[in-house]
Amino acid sequence: MRHTISVLVENKFGVLSRVSGLFSGRGFNIESLSVGETIDRSVSLMTIVTTGDDQIVEQITKQLNKLIDVIKVVDFMDVDHVEREMVLIKVAPRKNDKSEFLKLAEIFRGRIVDSGPATFTVEITGDEKKIAAFIELVRPYGIKEFVRTGKVAIAREGVKRT
Amino acid sequence: MKMSGAEILIECLKREGVKHIFGYPGGVVLNIFDVLYDEKDIELILTRHEQGAVHAADGYARASGRTGVCIVTSGPGATNTVTGIATASMDSIPLVVFSGQVPTMLIGNDAFQEADIVGITRPCTKHNYLVKDINDLARTVREAFHIASTGRPGPVLIDLPKDVTAGTAEFKWPEQVSIRGYNPTYHGNKWMIRQAAQMIAKSKKPVIMAGGGVVLSGAAKEVKELAEAATIPVTTTLMGLGGFPGSHRLSMGMLGMHGTYYANRAVQDADLLIGIGVRFDDRVTGRTSAFAPGAKIIHIDIDPTSIRKNVRVDLPVVGDVRNVLRDILKVIREQKGQWEAVRKSWLKQIDAWKKEKPLSYTFDKKIIKPEFVVEKIYEISRGRAIICTEVGQNQMWAAQFYKYDEPRQWLSSGGLGTMGYGFPAAIGAQIACPGKLVVDIAGDGSIQMNIQELATAVVNRLPVKVAILNNGYLGMVRQWQELFFRERYSHTRLDTVPDFVKVAEAYGAVGLRAVKPPEVEPVIREAFSIKDRPVFMDFIVDWREKVFPMVPAGAAIDEMIFDEEEKKPAKKLKAVK
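Protein chains in written order, with our numbering: chain H, 15 to 176; chain A, 88 to 664.
Errors might be hidden in some of the hints.
If the Cβ cut is set under 8 Å, some of the chain A residues that face chain H in the computed set are [said to hold, decoys possible]: (1) Gln200; (2) Ala202; (3) Ile207; (4) Ile234; (5) Arg267; (6) Gly268; (7) Tyr269; (8) Pro391; (9) Thr392; (10) Arg395; (11) Arg413; (12) Leu416; (13) Lys417.
No wet-lab data here; the hints were simulated from the structure. Please read all numbers here as calculations on a predicted model, not as lab measurements. Ideal placement from N, C-alpha and C gives every residue a C-beta, glycine not left out.
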């Protein structure tokens, strides 16, 4: 099962390597990891996407909690939440396909953030399904390059973050 | 008042109640050693290798229950501590290790004797720090001691750049420690405790499995009370030896790979297994899918990650085992069960197993059996010595043939299995407990891994006894080669074993040797009578002797193999010098 786990950590040097070292040292899998400061600058938030059966994910959250610099761990599996990821995709459609491609980007509420004689770069934000769908649709047009931020997630209003 | 970083550090150590530090000087820790030069309240024990310093601090911690401290220099000094830190980490031993570091300005420049020790020790410490600002120093030291000694204990490393110990700052001692990401659970959940008591009441064939957590938490008394109150037989893990009196009528000795036949049978036949301060290591469980098949498992431990890491658990109780056991005892005592009657047939069964296959070896008149040496040490020390071990056969015989009645009497590298641990640990234990008899049971392989610490023991007039079970082989590996690798003894024969008597004498220690069984007892008695110097006892033992019972790797723990050597002709025996 794929789990999205958010980890509130002390904003200190070395914390990222404590977390990533935990995953590599114990053979856990990281699909994506994104980090940023929070409103409280002494605290950072990591969003980690990982896969494993119940026993493994239980170990992951317990092991994360055991790190001294980790303040709180939330597995979003049983929490109603919103998740988003941003992708930048550089596509090189043929001349005749350009308008069709732009329409497609528009349907997905993509923004063209760079264009040149040969390529368009589209910014797409959404959940996993939307991004996967867009990538599949755009693939025939010729993807030159793409980068993704990794997922971030937040609980919906009224959900207690325990 | 302004103080130098080095002075702040030593002041902090005094306030933490530190009396002894194990260490080794070097370039970037000169400021600290300079302060120690005049220091009256804290004694620095100079070892002869940084690994010796960490193991000594570890032995000091295990024997006394206090936090062990050591100070080493940067680069190689720091990297030499890694094995010792990992040893302490695996066995949850509270240590604070201070390593010097190059000045902050030079960090990352591959400066002389620079190593990223914080990076290197991250996976084998409970936590570690690089102090970049002298104003953080006192708080960091306070936090380190707090983290090392509370919750599930463990080693903490503090890296101290030279400019931090050389600089000056106002000394501010933080009275309180608060770390928002660190709040161990000390008390078990009430509902879980009631459940546990109920499961104990319902069970017909319960077994207590006591581990290192019992010793660390100081819960030996509570384990004994629970065992006696509800008449439950007890087995201990290697780390739990002494956590329940080995000579108690309910004791089944150690379980696992080299555990007793009856302990392993009892676990496999039990309907309830109460794991107390254990982590269900693979050396204990054997094949996990076949472990304790008929038992419900109650697992009590302060570390939630231990629970359901290796085996299924029916009832987890997270908390300090002493608190949890006290709470369970309260409930049990309310029940007033007729335990003796209920358990009668179960105890009878265990007694039958004990009679069927007790721990044994075949005594020989001509050649010394290593088990015989351990038995004699037990007898002559009247079971009261602090026993340290190296790793391998010596460790297993010391675990099997010495009965530990008190916690902190058994010091052995259980998790990491570090050869070279026992001798420096014995030095640390002797410093922590000056009046006690401290014996390191060693092999001729392991003792050579930190033999340089003879100098430390001689200089400090420490009467540490080392019993070398000298079989000329790396015995445990040789045993595996004999049993599983068609007797192909690849690189396990130590062709040159030094004359340990002469080595001891060269360092100013006493060296004694026993070649024949009747010489064993006089040698031990003479060694134990020496009070001002370390003693090496070189016992030339039967190299063919193996540790039994043995559960082969990957087998269930009741699939034990036993000694069947008697039937074979003794011709190989003659090949020994």
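Against the structure, the hints:
| no. | hint | verdict |
| --- | --- | --- |
| 1 | Gln200 | 21 Å, violated |
| 2 | Ala202 | 15 Å, violated |
| 3 | Ile207 | 11 Å, violated |
| 4 | Ile234 | 6 Å, holds |
| 5 | Arg267 | 5 Å, holds |
| 6 | Gly268 | 5 Å, holds |
| 7 | Tyr269 | 5 Å, holds |
| 8 | Pro391 | 5 Å, holds |
| 9 | Thr392 | 4 Å, holds |
| 10 | Arg395 | 6 Å, holds |
| 11 | Arg413 | 25 Å, violated |
| 12 | Leu416 | 28 Å, violated |
| 13 | Lys417 | 28 Å, violated |
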